[in-house]
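2 protein chains.
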Amino acid sequence: MTTLNIPAVASWLQSWQQSVIDMLLTHETKVAPHLEAWSYPHLGGGNSQALLQGNIIEKGGVNFSHIHGESLPDSATPSRKHLVGHPFEALGVSLVIHPENPFLPTTHANLRLFVSHAPQSDEHPNWWFGGGYDLTPYYGFTDDCQLWHQKAKDACDLTDPSFHGRFKKECDDYFVLPHRKEQRGIGGLFFDDINEYDFDTCFNFIKHVGDSLTQAYNTILSRRKDHPWEDKHKAFQQMRRGRYVEFNLLYDRGTLFGLKTKGRTESILMSLPPSVAWPGESVMHIGPEEKQLTDYYLIPRDWLANPLLEEE
Amino acid sequence: MTTLNIPAVASWLQSWQQSVIDMLLTHETKVAPHLEAWSYPHLGGGNSQALLQGNIIEKGGVNFSHIHGESLPDSATPSRKHLVGHPFEALGVSLVIHPENPFLPTTHANLRLFVSHAPQSDEHPNWWFGGGYDLTPYYGFTDDCQLWHQKAKDACDLTDPSFHGRFKKECDDYFVLPHRKEQRGIGGLFFDDINEYDFDTCFNFIKHVGDSLTQAYNTILSRRKDHPWEDKHKAFQQMRRGRYVEFNLLYDRGTLFGLKTKGRTESILMSLPPSVAWPGESVMHIGPEEKQLTDYYLIPRDWLANPLLEEE
Numbered sequence: 013m014t015t016l017n018i019p020a021v022a023s024w025l026q027s028w029q030q031s032v033i034d035m036l037l038t039h040e041t042k043v044a045p046h047l048e049a050w051s052y053p054h055l056g057g058g059n060s061q062a063l064l065q066g067n068i069i070e071k072g073g074v075n076f077s078h079i080h081g082e083s084l085p086d087s088a089t090p091s092r093k094h095l096v097g098h099p100f101e102a103l104g105v106s107l108v109i110h111p112e113n114p115f116l117p118t119t120h121a122n123l124r125l126f127v128s129h130a131p132q133s134d135e136h137p138n139w140w141f142g143g144g145y146d147l148t149p150y151y152g153f154t155d156d157c158q159l160w161h162q163k164a165k166d167a168c169d170l171t172d173p174s175f176h177g178r179f180k181k182e183c184d185d186y187f188v189l190p191h192r193k194e195q196r197g198i199g200g201l202f203f204d205d206i207n208e209y210d211f212d213t214c215f216n217f218i219k220h221v222g223d224s225l226t227q228a229y230n231t232i233l234s235r236r237k238d239h240p241w242e243d244k245h246k247a248f249q250q251m252r253r254g255r256y257v258e259f260n261l262l263y264d265r266g267t268l269f270g271l272k273t274k275g276r277t278e279s280i281l282m283s284l285p286p287s288v289a290w291p292g293e294s295v296m297h298i299g300p301e302e303k304q305l306t307d308y309y310l311i312p313r314d315w316l317a318n319p320l321l322e323e324e
Numbered sequence: 013m014t015t016l017n018i019p020a021v022a023s024w025l026q027s028w029q030q031s032v033i034d035m036l037l038t039h040e041t042k043v044a045p046h047l048e049a050w051s052y053p054h055l056g057g058g059n060s061q062a063l064l065q066g067n068i069i070e071k072g073g074v075n076f077s078h079i080h081g082e083s084l085p086d087s088a089t090p091s092r093k094h095l096v097g098h099p100f101e102a103l104g105v106s107l108v109i110h111p112e113n114p115f116l117p118t119t120h121a122n123l124r125l126f127v128s129h130a131p132q133s134d135e136h137p138n139w140w141f142g143g144g145y146d147l148t149p150y151y152g153f154t155d156d157c158q159l160w161h162q163k164a165k166d167a168c169d170l171t172d173p174s175f176h177g178r179f180k181k182e183c184d185d186y187f188v189l190p191h192r193k194e195q196r197g198i199g200g201l202f203f204d205d206i207n208e209y210d211f212d213t214c215f216n217f218i219k220h221v222g223d224s225l226t227q228a229y230n231t232i233l234s235r236r237k238d239h240p241w242e243d244k245h246k247a248f249q250q251m252r253r254g255r256y257v258e259f260n261l262l263y264d265r266g267t268l269f270g271l272k273t274k275g276r277t278e279s280i281l282m283s284l285p286p287s288v289a290w291p292g293e294s295v296m297h298i299g300p301e302e303k304q305l306t307d308y309y310l311i312p313r314d315w316l317a318n319p320l321l322e323e324e
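Quick mapping for you: the protein sequence lines, in order, are chains A and B. Each residue of the first sequence is one higher than the last, beginning at 13 in my numbering. Each residue of the second sequence is one higher than the last, beginning at 13 in my numbering.
These aren't lab readings, by the way, just hints derived from the structure by calculation. Take these hints with a grain of salt, some might be off.
Here are the simulated EDC-like cross-link-like pairs (lysine to aspartate or glutamate), alpha carbons at most 20 Å apart as the crow flies [stated by the list, open to error]: (1) B:Lys-274 x A:Glu-194; (2) A:Lys-274 x B:Asp-264; (3) A:Lys-274 x B:Glu-293; (4) B:Lys-181 x B:Asp-166; (5) B:Lys-165 x B:Asp-185; (6) B:Lys-303 x A:Glu-278; (7) A:Lys-303 x B:Glu-278; (8) A:Lys-165 x A:Asp-223; (9) A:Lys-181 x A:Asp-169; (10) A:Lys-272 x B:Asp-166.
Covered stretches of chain A (in silico footprint by chain B; criterion: 3 or more residues with CB under 8 Å from a CB of chain B, positions within the stretch not fixed) [unchecked claim]: (11) 58-67; (12) 271-278; (13) 286-295.
In this text the structure is predicted, and so the values were computed from the model without any measurement. Ideal Cβ positions, reconstructed from N, Cα and C, are used throughout, including at glycine.
Kindly produce the complete structure, drawing on both the sequences and the hints.
Next comes the structure, spelled out in structure tokens:
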């Protein structure tokens, strides 16, 4: 059995943060990342890398944080009451990328390690990995959806062939707006509490997931960044971004937990899109191209049931 | 003692809805209201009047609804458990006006009557009025703030001189964004459960409040609608509208209750502004004029402590 190695995770997370930024900068040519480091006395800190008002990335944030808490809040782990009130440690990277071009999808990812410093029992590990990623297109492309889920499956299969089915379903179940009866996007992976293998195996799974996100999103950026768009496409993107805001502020557990526990507001809300519209039902233009999003792409499905299509 | 007269309230609410629309149309010259009537089988219905993409009103909604429920949900009245599960009736008008010009404030108002059809006790009335109004400026004007609160006080004083102090404080206490340590706006009136006088007296109070909103907002529109503005003012307004969205989706009880109980999503979310921005901290322009909003206008205070200033 391998042992818990927090510094190795912190180091890898920061190298992954940098590799995502480097990947984005192979596309983005107008702006440089704005780096902001922050810390809370005795509680740790983090750093945010923001890409704002770029030619490809309208708003993007890739944030690393490493926090030590003296007392786990009651609301943090409903299923593990014995950890409440004990010291804990949490480290992770969160990213949200909102591209300018409405034919490019928004992506969100999170990879994290949680460690409890409660007196330890021998039965259960005192650490859990968690995270996942998902894609929110405005105008869908079947081959992008297939690529996205294929990369996710490949990453999972390296560790456990049962992972992909479970974590895709958890993702579909999580990113739902009940008041709209809509999914937020086309899904991906979502997992909590990963410690069913030894530490190194779970850590390797996290690395595979991280690398697959960078590769998949890189390919999609390459494919679509030069897709021509007009004002009507931008208007539709901004209206759909409203749904993104609704999900994050009404339902997203990380956002609500972060704000409730007085986390760093700017980091938590970096996920909100740069420009958004709720124009009112009767003036929204929803043509056949726009209708495809909700009628086809946002319906959860097995995107890998057919072999990968060639680029159309 | 006067008796409960629901039809009279329904009739007055609809006439007030129309008088607000008529007032707005003395300023708005580009667009006509879009009227949409809706109903749920056996549960009642309502009608929405929306002003969208106008020259003065960028987005406004004035909505009437009259709903009959067969069984009051548990979450509706935490303080009156004996009414849960019994039939009820609710009627009201809600409005939110988002002007185009950043020098015009957003306003929100709600007036409502709630009636329980639970077996009645003689001790307590089975009806309650509720509501209030508040103002959210982007660029503040002292005389507008004074006018706003003076009209609110005058309306309250006609019924009970203790009302204004109580209901202004409730408003200041309610419209708070704890994660921003900011008020949503400059406040106004907020009251729940008004039945401490007989029905007609309480109903008259509601009428006075409604009329005072129309008058005060009309005066402010007249004063500021021709104020010149530039792109930088619009950008600040859109960024501040983000705070409005944050409040409504994170904290507003009516919004969260409505969505949770499967109310009509389009009516509930008509409050969300037409165009909003979360541009990212490091690219926001906050000059001295913009800083005044949070440093002065959004600090709760007694705006009537000094006599009304003349128009500057």
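Hints, verified against the model:
1. B:Lys-274 x A:Glu-194: Holds - the C-alpha atoms of Glu-194 of chain A and Lys-274 of chain B are around 14 Å apart, at most 20 Å.
2. A:Lys-274 x B:Asp-264: 19 Å, holds
3. A:Lys-274 x B:Glu-293: Answer holds: Lys-274 of chain A to Glu-293 of chain B is near 18 Å, not above 20 Å.
4. B:Lys-181 x B:Asp-166: Since the Cα atoms of Lys-181 of chain B and Asp-166 of chain B sit roughly 16 Å apart, the hinted pair holds (cutoff 20 Å).
5. B:Lys-165 x B:Asp-185: Since the Cα atoms of Lys-165 of chain B and Asp-185 of chain B sit roughly 17 Å apart, the hinted pair holds (cutoff 20 Å).
6. B:Lys-303 x A:Glu-278: Holds, at about 18 Å.
7. A:Lys-303 x B:Glu-278: The hint holds at about 18 Å.
8. A:Lys-165 x A:Asp-223: Since the Cα atoms of Lys-165 of chain A and Asp-223 of chain A sit roughly 12 Å apart, the hinted pair holds (cutoff 20 Å).
9. A:Lys-181 x A:Asp-169: Within the cut-off at roughly 15 Å; holds.
10. A:Lys-272 x B:Asp-166: At roughly 38 Å apart (the allowed maximum being 20 Å), Asp-166 of chain B and Lys-272 of chain A break the hint.
11. 58-67: Held - the region 58-67 of chain A has 3 residues with a Cβ nearer than 8 Å to chain B, which meets the minimum of three.
12. 271-278: holds (count 4)
13. 286-295: holds (count 10)
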